[in-house]
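> Spelled out from the first residue to the last, the chains are:
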Amino acid sequence: MSTTALLRADRLTVHIGPIAILSELSFAVHAGQVLGVIGPNGAGKTTAVEVLSGFRRGTSGDVLLDGRSIARRSPTQRVRLGLARTFQESPCIDGLTTGDHVRLALSAAPQRSAKTSVAAMLERVGLAEHHSSAAASLSLGDRRMLDLARALACFPRVLLLDEPFAGLNSEQEKRLEAAIRSHTNAGGGVLIIEHRLALLRDTTDTVIALVQGTCVAAGSMQEVLDDARVRSAYLGQAG
Amino acid sequence: MARPADLQRAAGSPPPRVSAKGLSVFHGALEAVRAVDVDIARGTTVGLVGSNGSGKTTLLSALAGRIPFRGDLWLDGQPVRFGSPRDALARGICMCPANRGIFFRMTVRENLLLGGYTLPWREAAGRVEDLLDRFPGLRSRLNVVAGQLSGGERQQVALARAFVSRPGVVLLDEPSRGLSPAATAQLLDTVREMARDGITIIIADQAIDWLHQRIDRLLVVANGHLVGDSAVSTDTFEELCAKYFDLP
Amino acid sequence: MKFADAWPRRFRPDVSLLSVAILIAVAPALLGGTRYAYDMAVVAMVYGMFAVSWDLACGTTGELSFGHSFFVGTAGFTAAIVISRFDVPPWAALLIGAGAGALAGLVIGLLTLRHTGPVFTLVTMAAQLTLYRTVFVWGSLFGGEEGIPVRAQWLDEPRSRWFVVAVISFASVVGARYLLRSSFGLRLKASGGDRRVGQSAGVDVDVTRVKGFTISGFVAGLAGSILVLHNAIANYELTGDQLSGMIFLLSLVGGMGTLVGPWIAAFLCMTLLRELLYAAGQWQSVISMLVVFVLLWLMPKGVMPEIAKRLRWRPRLAGSRPS
Chain A
493 MSTTALLRAD
503 RLTVHIGPIA
513 ILSELSFAVH
523 AGQVLGVIGP
533 NGAGKTTAVE
543 VLSGFRRGTS
553 GDVLLDGRSI
563 ARRSPTQRVR
573 LGLARTFQES
583 PCIDGLTTGD
593 HVRLALSAAP
603 QRSAKTSVAA
613 MLERVGLAEH
623 HSSAAASLSL
633 GDRRMLDLAR
643 ALACFPRVLL
653 LDEPFAGLNS
663 EQEKRLEAAI
673 RSHTNAGGGV
683 LIIEHRLALL
693 RDTTDTVIAL
703 VQGTCVAAGS
713 MQEVLDDARV
723 RSAYLGQAG
Chain B
15 MARPADLQRA
25 AGSPPPRVSA
35 KGLSVFHGAL
45 EAVRAVDVDI
55 ARGTTVGLVG
65 SNGSGKTTLL
75 SALAGRIPFR
85 GDLWLDGQPV
95 RFGSPRDALA
105 RGICMCPANR
115 GIFFRMTVRE
125 NLLLGGYTLP
135 WREAAGRVED
145 LLDRFPGLRS
155 RLNVVAGQLS
165 GGERQQVALA
175 RAFVSRPGVV
185 LLDEPSRGLS
195 PAATAQLLDT
205 VREMARDGIT
215 IIIADQAIDW
225 LHQRIDRLLV
235 VANGHLVGDS
245 AVSTDTFEEL
255 CAKYFDLP
Chain C
3 MKFADAWPRR
13 FRPDVSLLSV
23 AILIAVAPAL
33 LGGTRYAYDM
43 AVVAMVYGMF
53 AVSWDLACGT
63 TGELSFGHSF
73 FVGTAGFTAA
83 IVISRFDVPP
93 WAALLIGAGA
103 GALAGLVIGL
113 LTLRHTGPVF
123 TLVTMAAQLT
133 LYRTVFVWGS
143 LFGGEEGIPV
153 RAQWLDEPRS
163 RWFVVAVISF
173 ASVVGARYLL
183 RSSFGLRLKA
193 SGGDRRVGQS
203 AGVDVDVTRV
213 KGFTISGFVA
223 GLAGSILVLH
233 NAIANYELTG
243 DQLSGMIFLL
253 SLVGGMGTLV
263 GPWIAAFLCM
273 TLLRELLYAA
283 GQWQSVISML
293 VVFVLLWLMP
303 KGVMPEIAKR
313 LRWRPRLAGS
323 RPS
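Top line first, the protein sequences correspond to chains A, B and C. Just so we're aligned: 727 in my numbering is position 235 of the first sequence, and the numbers increase by one with no gaps anywhere. Just so we're aligned: 248 in my numbering is position 234 of the second sequence, and the numbers increase by one with no gaps anywhere. Just so we're aligned: 315 in my numbering is position 313 of the third sequence, and the numbers increase by one with no gaps anywhere.
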């Protein structure tokens, strides 16, 4: 593991009025690593991803990609620098086909994507047959896979995945796991917010637990789940 | 051949809450649900499992009056035919769909009140009050605009909303999606309490692991057919689930 | 269609472009073959360009501009001013006018960057109204109510003028289609709707939108300058809400996003409909509006998408249309 983290969150803080959604949150994703993020609903997990990807400005704190601060960069710039994300709601553009969404990402990074085709990308996520269908007509699970394909088509170094396993069937789960594996094997990093713990256990090396905007535990999945605060706030178990 | 429901009535026991015979749903030419026959008793919690595209959402949508179906449907022994979700709600069937249908610009309270849209305003407000006892996490967020909630919190609002009109049958489509384990366990306990009040609950989900501990009956759907039913099968839940995973 | 396969995808000829070409070719003859017929056809082809320019910016992003006459007026008056005051030759004036239209597009694009939906529409309306008022207020520059007469020798033979405008108008449709089928066209479509999708795909949504409006302004400006030369006058009608409204409605009727639909709707309105309603005199506009209402009631998505659906025909519309 390299000493410089691929992606580092440095004391991220987000305030809305007096309420702190994120409070001095720090963590790092290294090359080849999958970092899991768990926490109860409303703990600020998605907010953290929003700040990391540039869709939301933090009140204070820094985001570093390869050791360089990107806190002032727009979301588009961050994508070009190698940071891609998926969305919990898997939004899509009305009027564009499934293939179009992937083509959009590929065309924005022509030099990296020269060898890949839209068809190959869609094949990877199991959407090849929906190439010309309206993206808005896809089922939820398929839209999630499209969101993943779009993120992968940015050829990122770091992938931020927000509850990617929700709503997927078992074949799609396998494809997602394969995509994560090949991404990390190639030296990329992944941050994944998830509730489906069994699946997360199989994919991650390290896990952090977010409760009310701060990291209360970090370590392997078992260590984190054994933490008392995590057990009560997240698993709903006393002590 | 007499309907099982008729036989039951003849025997003096109450008719099943929900009874379907030959229920089929067509998407254009495609038969998404094929000739489903099932009787579900009052106060039962039923798990409906199947992979994406198996037809479980379509089946729920048909029962909730969202899409037309062919075949017969009885509620408490009375034949029914729905023209719209409003008809279904008036008959006491309410659904919480997979896309939740939360209004982002309205507050939590307003969203919940909308769950009782067929009721007079005051009655709906009263029922929301009662419901907050069962969903305590929402009480503190009543005046928060739904768009500001996290995904999981919105999920909970949608689920609570399904119970506002105090329906006889509640259909939940993938309720665990996006919820933390604590929230899921809480939801299931709430659901069990509702079932004790006599509400029939049908939960469609893919994640069987948390589901099977808290349901009374398991129905397995594949390719639009009802292929497994723990009420008539000699298999245990585990065996049925294993079979389900091996089905094409 | 094997013939079509021989062409690179973007240039593939198809039925809709063919229809445009046929309409252009037969219109003057069908209208009587007189000088009047050729002049009418010229105006119709200019309006076709207006509609294409609108569809380029609005059919893709889904933002409804009600101020396209801002581009037309800026360009038209610029052309008129450079001809009448600076004796610029007509062809140069056309280009300068088109350039002014592009600049107007750039300005609108920047002004409306953060706006969407009704606010967007209102801002475009405000721009158009501002120019409209300025034309009257700044009489010394814009000629006030009479406008600026334009005396220039420009293709005075009706058939040659018709031919040149036909080439330009057809080229604008083909060019717009080429543009929309390119990756820029895809990015333009991604700039409407949920911005996050475009941004998270690495598309600079803001820059794309501004570029789209600049190009749209160029096309509208070119058309507006042609109209000024053709009518030999630039007046307040160029910047009026009637023009904006017409362009808007005709594009809706034709089918937003199809490019050819709006062109044909505008062309038919300015030829066929005008001829048919000639006898109606004062009632022309009322009947035209009724026709528009009826068409939109029957075919809310526009005529061209409806025809395509009926024929179960999947034309290669702007971008790649879903099946």
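Please keep in mind that the hints were generated in silico from the structure rather than gathered at the bench. Keep in mind that a hint or two might mislead.
[As the list claims (entries may be wrong)] Okay, the calculated beta carbon distance ranges per label pair:
{"no.": "1", "chain 1": "C", "residue 1": "Glu277", "chain 2": "A", "residue 2": "Lys607", "range": "51 to 61 Å"}
{"no.": "2", "chain 1": "A", "residue 1": "Ser566", "chain 2": "B", "residue 2": "Leu44", "range": "13 to 23 Å"}
{"no.": "3", "chain 1": "C", "residue 1": "Ala282", "chain 2": "A", "residue 2": "Ser566", "range": "47 to 57 Å"}
{"no.": "4", "chain 1": "C", "residue 1": "Phe186", "chain 2": "B", "residue 2": "Asp51", "range": "49 to 59 Å"}
Glycine residues also receive a C-beta, built at the ideal position from the N, C-alpha and C atoms.
> Evaluate each hint against the coordinates.
Against the structure, the hints:
With their beta carbons about 57 Å apart, C:Glu277 and A:Lys607 fall inside the hinted range of 51 to 61 Å. At roughly 44 Å, the beta carbons of A:Ser566 and B:Leu44 sit outside the given window of 13 to 23 Å. Judged by the Cβ atoms, the range 47 to 57 Å given for C:Ala282 and A:Ser566 holds: they are separated by roughly 55 Å. Take C:Phe186 and B:Asp51: their Cβ atoms lie about 56 Å apart, and the range 49 to 59 Å holds.
The structure does not agree with numbered hint 2 stated previously, though it agrees with all others.
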